[in-house]
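Novice: Given only the sequences and the hints, what does the whole structure look like? Please build it.
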Amino acid sequence: MRGLLACATLARRAAGATSTARRHLAGAAEAAEAELKKTALYDFHVAHGGKMVPFAGWSMPIQYKDTIMDSTLNCRANGSLFDVSHMCGLSLHGRQAIPFLESLVVADVAALKDGTGTLTVFTNDRGGAIDDSVVTKVTDQHIYLVVNAGCRDKDLAHIGEHMEAFNKKGGDVKWHVHDERSLLALQGPLAAPTLQLLTKEDLSKMYFSDFKMIDINGYACFLTRTGYTGEDGFEISVPSENAVDLAKALLEKSEGKVRLTGLGARDSLRLEAGLCLYGNDMEQHITPVEAGLSWAIGKRRKAEGGFLGADVILKQLQEGPKIRRVGLLSQGPPPRSHSEIVSNSGENIGEVTSGGFSPCLKKNIAMGYVKSGLHKAGTEFKVVVRGKSYDAVVTKMPFVPTKYYKPS
Amino acid sequence: STVLDGLKYSSSHEWVKNDGSVATIGITDHAQGHLGEVVFVELPEAGAKVSQGGAFGNVESVKATSDINSPISGEVVEVNDKLSETPGLINSSPYEDGWMIKVKPSSPSELDALLDPAKYTKHCEEEDAH
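Protein sequences appear in the order of chains A and B. The opening residue of the first sequence carries number 1 in my numbering; numbering runs sequentially from there. The opening residue of the second sequence carries number 1 in my numbering; numbering runs sequentially from there.
These aren't lab readings, by the way, just hints derived from the structure by calculation. Given the structure is predicted, the values throughout are model-derived calculations rather than measurements. One thing to keep in mind: the hints can contain errors.
Calculated lysine-lysine pairs in the DSSO-like style (CA-CA distance at most 27 Å, straight line) [claimed, not checked]:
#, chain 1, residue 1, chain 2, residue 2
1, A, Lys51, B, Lys122
2, B, Lys82, A, Lys388
3, B, Lys119, A, Lys51
4, A, Lys363, B, Lys82
5, B, Lys82, A, Lys362
6, A, Lys406, A, Lys200
7, B, Lys49, A, Lys388
8, A, Lys388, A, Lys406
9, A, Lys376, A, Lys302
10, A, Lys388, B, Lys119
Specialist: Below, the structure written as structure tokens:
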């Protein structure tokens with residue numbers, strides 16, 4: 001997933017259980033805080049009651065005055081505005097931008113229509129996920145992509161290294177990291193009506209995964225109809241000097257119904273939508289096939305390979321993976337990352353990678369990996385939380401239906 | 001957040017109300033405010049022994065798990081069973097309907113080591129200042 005690495009750990013720090021633990025963590029946070037980066041909206045967050053916590057080297061709002069529960073419900077009922085500027089936006093340019101990128105990701109980038117994008121995975125040479133990313137084909141010679149905050153340094157090093165090698169063999173690829181820009185995510189049923197008030201572009205003709213470079217409220221923006229909440233909505237890349245004004249305009253136009261929302265609710269929303277959080281549900285040792293993202297491997301790519309780790313991935317596509325990501329509903333306390341999944345007789349079956357209480361469903365939901373063959377919906381297990389076993393059942397995802405805006 | 005007179009407080013944000021032979025224990029309004037919505041509470045059974053500063057249960061919120069430490073030592077004589085069905089009582093009524101356990105104290109003088117309302121208020125202010 002995007003931007004929410006180890007959110008539960010941060011929330012635990014934010015919540016603070018005991019005074020001793022709090023003092024220790026407060027000390028650590030103070031040391032870390034001195035070096036944390038700030039987005040262009042930092043002061044805006046603090047002024048609006050944002051509770052700032054360290055996240056992937058940044059000081060980010062986990063929550064505002066609204067509770068995480070209320071923020072999650074409001075996103076689905078009305079809308080949310082998130083600062084996701086800590087995520088890294090970049091552009092690849094050049095005649096061979098597409099073949100270059102396709103050597104690193106599993107998507108069929110060439111098949112994308114201009115002005116459309118897709119979720120993809122950067123792979124390592126063992127087929128494991130280095131990161132997931134939304135890539136957009138602006139033109140044949142311009143690819144815009146956004147990578148996770150927690151993976152930025154790793155991704156840029158990986159891309160840079162391969163680009164250098166690619167260009168040495170006569171390739172023609174250049175890149176630009178959009179550090180002069182900020183990224184806002186406007187999500188929920190009121191996202192489109194609210195945004196429409198600030199632009200002349202007819203948003204009813206812009207569908208899920210579409211991309212446009214347009215004027216919004218007078219600012220030159222990159223607009224993608226996408227998000228990581230399961231809702232209809234947009235990610236808006238705006239020049240950093242205009243980010244606060246745009247945030248204010250969006251909140252004002254929605255007459256208070258679209259609320260500033262923090263990373264805590266964002267994590268609940270993406271989990272309800274069944275979306276992976278990189279660092280929890282996806283890591284270097286987990287392939288896209290195991291993660292249930294085979295759909296993201298383009299048809300031509302399945303035939304040709306050509307990305308790192310293709311041999312491992314194509315073999316898994318033929319033979320089936322040994323483990324699979326599944327959704328779980330459970331009783332008792334919410335399972336969290338690393339809760340063990342066991343059979344009714346206590347045999348280890350797998351591990352939870354994300355879990356929590358779903359504000360929409362009022363139930364515990366989780367994602368985890370189980371052995372293949374035990375991944376069918378309806379299969380019953382136990383999850384172990386603090387040494388006790390609780391009933392759990394495999395369920396299809398998303399837990400809460402998605403509402404992406406697609407041509408009917 | 002609210003701090004009630006007549007109660008004693010621990011630095012890890014539990015309250016205790018001593019009625020002589022039995023003391024009632026819960027978490028403070030400050031604690032529930034920081035936790036957010038409580039979705040599950042794990043408490044001991046009657047008869048369990050608790051010790052001052054030791055964990056006797058857990059509170060689960062939407063985003064985190066927290067230990068609950070006992071402010072005093074003794075034997076659990078009653079548990080608030082309503083919390084298994086309605087854990088949100090801890091948020092809506094931390095000092096009354098959201099009480100957690102009742103304990104027969106084994107060492108009543110331990111109460112003297114706890115914070116009075118004024119000291120607890122100051123403790124919360126200092127903690128929030130960081």
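Novice: Regarding the pair lysine 406(A) and lysine 200(A), is the alpha-carbon distance no greater than 27 Å?
Specialist: Roughly 21 Å separates the two Cα atoms, so the pair holds.
Novice: With a cut-off of 27 Å on the C-alpha distance, tell me whether lysine 363(A) and lysine 82(B) pass.
Specialist: holds (18 Å)
Novice: Hey, lysine 51(A) versus lysine 122(B), does the alpha-carbon distance stay inside 27 Å?
Specialist: Given pair lysine 51(A), lysine 122(B) holds - Cα atoms ~21 Å apart, limit 27 Å.
Novice: Starting from lysine 82(B), check that the Cα of lysine 362(A) is at most 27 Å away, please.
Specialist: holds (18 Å)
Novice: Please verify whether lysine 49(B) and lysine 388(A) have alpha carbons no more than 27 Å apart.
Specialist: holds (19 Å)
Novice: Given the proposed pairing of lysine 388(A) with lysine 119(B), does the C-alpha separation stay at or below 27 Å?
Specialist: violated (38 Å)
Novice: Starting from lysine 119(B), check that the Cα of lysine 51(A) is at most 27 Å away, please.
Specialist: holds (25 Å)
Novice: Is the Cα-Cα distance between lysine 376(A) and lysine 302(A) 27 Å or less?
Specialist: Within the cut-off at roughly 24 Å; holds.
Novice: Would you mind confirming whether the straight-line C-alpha gap from lysine 82(B) to lysine 388(A) stays at or under 27 Å?
Specialist: holds (21 Å)
Novice: Checking one constraint from the list: CA of lysine 388(A) to CA of lysine 406(A), max 27 Å. Satisfied?
Specialist: With a Cα-Cα distance of about 44 Å, the restraint between lysine 388(A) and lysine 406(A) is violated, given a limit of 27 Å.
Hints 8, 10, counting from the list given before, are not met by this structure.
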